[in-house]
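Q: Take a look at the letters that make up each chain.
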Amino acid sequence: MVDFRETSTVTTPFTEVVKLTILQRRNDCIEAIEFHKKKVLSGFDLDNNMVKMRIFSLWLEIGSGFQDINNENLGLSINDTVDLEELINIFEKIDAYLYKIRLTKIASFKSYDTTDMEAENEANEG
Amino acid sequence: MKQTKDKRFFYSNGLHFTDDIKKNVDRAIQRVFIKGKASLIIVDGVQGEGKTTLATQIAEYVSNSQKKEFLMDLQYSRGGEQFKEKLAKCYTMKLPGLVYDEAGDFDRKGSMTRYNRDLNQVFQQFRTFKIVVICCLPHFKIIDGSLFTNGIPRMLFHCHDKKKKYSRAKGYSMVRMNKMLHLMRRKNIPANEIYKKVYPNFRGSFKDFEPEMSKKLDVLSSTEKFLFLMENQEKLTQDQLAEKLDRSKNWVYKMLKKKKLSEVLIHKRKKFYDKKALEKLQIAIEKGEGC
Chain X
5 MVDFRETSTV
15 TTPFTEVVKL
25 TILQRRNDCI
35 EAIEFHKKKV
45 LSGFDLDNNM
55 VKMRIFSLWL
65 EIGSGFQDIN
75 NENLGLSIND
85 TVDLEELINI
95 FEKIDAYLYK
105 IRLTKIASFK
115 SYDTTDMEAE
125 NEANEG
Chain R
5 MKQTKDKRFF
15 YSNGLHFTDD
25 IKKNVDRAIQ
35 RVFIKGKASL
45 IIVDGVQGEG
55 KTTLATQIAE
65 YVSNSQKKEF
75 LMDLQYSRGG
85 EQFKEKLAKC
95 YTMKLPGLVY
105 DEAGDFDRKG
115 SMTRYNRDLN
125 QVFQQFRTFK
135 IVVICCLPHF
145 KIIDGSLFTN
155 GIPRMLFHCH
165 DKKKKYSRAK
175 GYSMVRMNKM
185 LHLMRRKNIP
195 ANEIYKKVYP
205 NFRGSFKDFE
215 PEMSKKLDVL
225 SSTEKFLFLM
235 ENQEKLTQDQ
245 LAEKLDRSKN
255 WVYKMLKKKK
265 LSEVLIHKRK
275 KFYDKKALEK
285 LQIAIEKGEG
295 C
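Residue numbers (our numbering), protein chains in the order written: chain X, 5 to 130; chain R, 5 to 295.
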């Protein structure tokens, strides 16, 4: 059991647990958008409350960090938005932030011209 | 009218080698002359694949890129002793490129010898000389490991598959050289097989020098080889006698004439003397003759 009052836990570091919960919330958002679009394409008339609440939960998780870097409060705009496309735009903004803080950036290779031997040496130094 | 270069000896870029080789040599020049760091280019391959030709072509290109004339007599050295001597000369004359041919004497087996320690020190300090050194070897693995630790050998050109009109070269970065060394050590892959296991950065080719230049290089290269052979057979030139006896060349010349000692062999206008001449001159020194 993770004790969030402690800065470290016995098995998993606290930061890792927070990272996992954020990623879980992001995944929930994607699933909600997928479900909503699937139903709409099948001819159902759905409101987008589920998508809205999932994105809002994600915002609650990362909001303070996002405001620190981007100086923008998305919480209010999530509440005011009714259109699905606008909600997806907001989600994309949050996703870009997650990529920026290297939470979803998984490709870590360096790109360089392989025929340039010195470039390869420099890329692998240090 | 614009003069076009002979297609038998030059590519469309006006050089003896292809653009990939040019691009990488440019990067080495940039590293040495702009960043002020050391850069050693290794050219390896088995006998007769064109190592010396490519190395000399690179040295010529380096000189031309720095708007200097390529002086083959000064910018070509064989063996460690001559390399050290010519490095100093190139530094004083501000010549930007130097070929270190037959660098097999600088190997890891002899790394504990004083000679190798001196040479190692030269390599570690040659960053300050601002000279691009091109080193010719049968295989890059014989280079002393401490150079790799210091990151001095930056690129390797492996010469192979020589044809009548051109020869091929593969380029390997320092990273790939380290990978090859690791594979040879850990997986016991033979030295000559390793080039098939690691993919090169690029494949290029180079053509031979023009007949005039080729002949000059051949004379320089073969004369040095012949001198070495003669020294091993204890046949010495007047210069070598002077060096061994610690006397001036003029003294040796006069003494040989005085003692009526004749040469045993003449090769390309150089006179070779046998062991007896050396012994007689040593006796003359002991007696204090000609001092």
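Honestly, the hints are just simulated from the structure, not real lab data.
Ideal placement from N, C-alpha and C gives every residue a C-beta, glycine not left out.
Treat the hints with care, as some may be off.
Within a straight-line C-alpha distance of at most 30 Å, the following computed DSS-like cross-link-like pairs (lysine-lysine) qualify [unchecked claim]:
1. X:Lys114 <-> R:Lys145
2. R:Lys253 <-> R:Lys279
3. R:Lys39 <-> X:Lys114
4. R:Lys279 <-> X:Lys114
5. X:Lys114 <-> R:Lys253
6. X:Lys114 <-> R:Lys27
7. R:Lys27 <-> R:Lys134
With beta-carbon atoms standing in for the labels, derived distance ranges [to be verified]:
8. R:Met97 <-> X:Phe113: 39 to 47 Å
9. R:Asp23 <-> X:Leu80: 32 to 40 Å
10. X:Ser112 <-> R:Lys191: 23 to 31 Å
11. R:Phe152 <-> X:Phe113: 21 to 29 Å
12. R:Phe152 <-> X:Thr25: 55 to 63 Å
13. X:Thr108 <-> R:Asp10: 42 to 50 Å
14. R:Gly149 <-> X:Asn75: 47 to 55 Å
15. R:Ser16 <-> X:Phe113: 28 to 36 Å
16. X:Glu129 <-> R:Lys191: 45 to 53 Å
17. X:Thr108 <-> R:Ala92: 54 to 62 Å
18. X:Glu129 <-> R:Lys93: 48 to 56 Å
Q: Give a verdict on every hint.
A: Here is how each hint holds up against the structure:
In summary, the hint linking Lys114 (chain X) to Lys145 (chain R) is supported, as the alpha carbons are separated by about 28 Å, within the 30 Å threshold. With a C-alpha separation of about 17 Å, the suggested pair Lys253 (chain R) and Lys279 (chain R) falls inside the 30 Å cut-off, and the hint holds. Among the hinted pairs, Lys39 (chain R) with Lys114 (chain X) is consistent with the structure: their alpha-carbon atoms are about 22 Å apart, no more than 30 Å. Straight-line distance between C-alpha atoms of Lys279 (chain R) and Lys114 (chain X) comes to about 63 Å, which puts the hinted pair past the 30 Å bound.
Pair hint Lys114 (chain X) plus Lys253 (chain R) does not hold up; C-alpha atoms about 60 Å apart against a cutoff of 30 Å. For the hint pairing Lys114 (chain X) with Lys27 (chain R), the CA-to-CA distance comes to about 21 Å; that is within 30 Å, so the pair holds. Proximity of Lys27 (chain R) to Lys134 (chain R) is assessed by CA-CA distance (about 19 Å); at most 30 Å being required, the pair is judged to hold. A hinted range of 39 to 47 Å for the beta carbons of Met97 (chain R) and Phe113 (chain X) is consistent with their spacing of about 45 Å.
Judged by the Cβ atoms, the range 32 to 40 Å given for Asp23 (chain R) and Leu80 (chain X) is violated: they are separated by roughly 58 Å. Checking the proposed 23 to 31 Å range against Ser112 (chain X) and Lys191 (chain R) shows it holds: the Cβ atoms sit about 27 Å from each other. One distance hint, 21 to 29 Å for the beta-carbon pair Phe152 (chain R) and Phe113 (chain X), holds here, with the actual separation near 24 Å. Distance hint check for Phe152 (chain R) and Thr25 (chain X): the Cβ-Cβ separation is about 46 Å, which falls outside the suggested range of 55 to 63 Å.
Thr108 (chain X) and Asp10 (chain R) have their C-beta atoms about 58 Å apart, which leaves the hinted 42 to 50 Å range violated. At about 54 Å, the CB distance of Gly149 (chain R) to Asn75 (chain X) agrees with the hint of 47 to 55 Å. Taking 28 to 36 Å as the suggested C-beta distance range, the pair Ser16 (chain R) and Phe113 (chain X) conforms, at roughly 35 Å. Checked against the hint of 45 to 53 Å, the pair Glu129 (chain X) and Lys191 (chain R) fails, with Cβ atoms roughly 25 Å apart.
As the Cβ distance of Thr108 (chain X) to Ala92 (chain R) is approximately 58 Å, the hint placing it in 54 to 62 Å holds. In this structure, Glu129 (chain X) and Lys93 (chain R) break the distance hint of 48 to 56 Å, their C-beta atoms being roughly 32 Å apart.
Consistency note: the structure conflicts with the earlier hints numbered 4, 5, 9, 12, 13, 16 and 18.
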